[in-house]
Amino acid sequence: MWRNPIKVYYNGEVVGNYIADITADDKVILVIKAIKELSDIHEVQLVNYLKATGIEVSLLINFGTSVQVKRRVMDKQI
Numbered sequence: 001m002w003r004n005p006i007k008v009y010y011n012g013e014v015v016g017n018y019i020a021d022i023t024a025d026d027k028v029i030l031v032i033k034a035i036k037e038l039s040d041i042h043e044v045q046l047v048n049y050l051k052a053t054g055i056e057v058s059l060l061i062n063f064g065t066s067v068q069v070k071r072r073v074m075d076k077q078i
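Start counting the sequence shown at 1; every next residue gets the next number (UniProt numbering).
Don't take each hint at face value.
[As the list claims (entries may be wrong)] Below are the DSS-like pairs computed for lysine-lysine, each with C-alpha atoms no more than 30 Å apart in a straight line:
id	residue 1	residue 2
1	Lys51	Lys27
2	Lys36	Lys51
3	Lys70	Lys7
4	Lys7	Lys27
5	Lys70	Lys27
6	Lys51	Lys7
7	Lys33	Lys51
[Unchecked claim] Simulated restraints on C-beta separations:
id	residue 1	residue 2	range
8	Thr65	Asn17	31 to 39 Å
9	Thr65	Asn11	35 to 43 Å
10	Ala24	Asp75	17 to 25 Å
11	Ser66	Asn17	18 to 26 Å
Worth flagging that the hints you see were computed from the coordinates, not collected in a lab.
What you are looking at is a predicted structure, and each value in this text was computed from that prediction instead of being measured.
For every residue, glycine included, the Cβ atom is placed at its ideal position computed from N, Cα and C.
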């Protein structure tokens, strides 16, 4: 679903919403970019989105100079 609000948690309490570029069945966050090159900060953002939302999988797709895809998985048990 496009622009689906996802609850953001801090210390087990809802503190706001995050609007993802795209979500897939509320189980995968897709972040779409069109920049020259991905940097470490983009990957850190993926991890932060996963931690804050409780969703386990994210994909970062960059349609810049060449297509790049980064996948991050977080185990809810951690």
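### Query
CA of Lys70 to CA of Lys7, is that 30 Å or under?
holds (23 Å)
### Message
With the threshold set at 30 Å, check whether the alpha-carbon distance from Lys33 to Lys51 stays at or below it.
### Response
Roughly 21 Å separates the two Cα atoms, so the pair holds.
### Message
Next pair to validate is Lys7 with Lys27; report whether the Cα-Cα distance is within 30 Å.
### Response
holds (13 Å)
### Query
How does the Cβ-Cβ distance of Thr65 and Asn11 compare with 35 to 43 Å: does it lie in that range?
holds (41 Å)
### Query
Using the C-beta atoms of Ser66 and Asn17, is the stated range 18 to 26 Å upheld?
violated (33 Å)
### Query
Between Thr65 and Asn17, does the C-beta distance stay in 31 to 39 Å?
Since the Cβ atoms of Thr65 and Asn17 sit about 33 Å apart, the hinted range of 31 to 39 Å holds.
### Message
Given the hinted pair Lys70 and Lys27, is their Cα-Cα distance within 30 Å?
### Response
Holds - the C-alpha atoms of Lys27 and Lys70 are around 16 Å apart, at most 30 Å.
### Query
Does Lys51 lie within 30 Å of Lys36 when you go C-alpha to C-alpha?
Given pair Lys36, Lys51 holds - Cα atoms ~27 Å apart, limit 30 Å.
### Query
Does Lys27 lie within 30 Å of Lys51 when you go C-alpha to C-alpha?
Between Lys51 and Lys27 the Cα gap is close to 13 Å, so the pair holds against 30 Å.
### Query
Could one say that the CB atoms of Ala24 and Asp75 fall in the range 17 to 25 Å?
holds (19 Å)
### Query
Is the hinted pair Lys51 and Lys7 satisfied, with a Cα-Cα distance of at most 30 Å?
holds (11 Å)
Consistency with the previously given hints fails for number 11 only.
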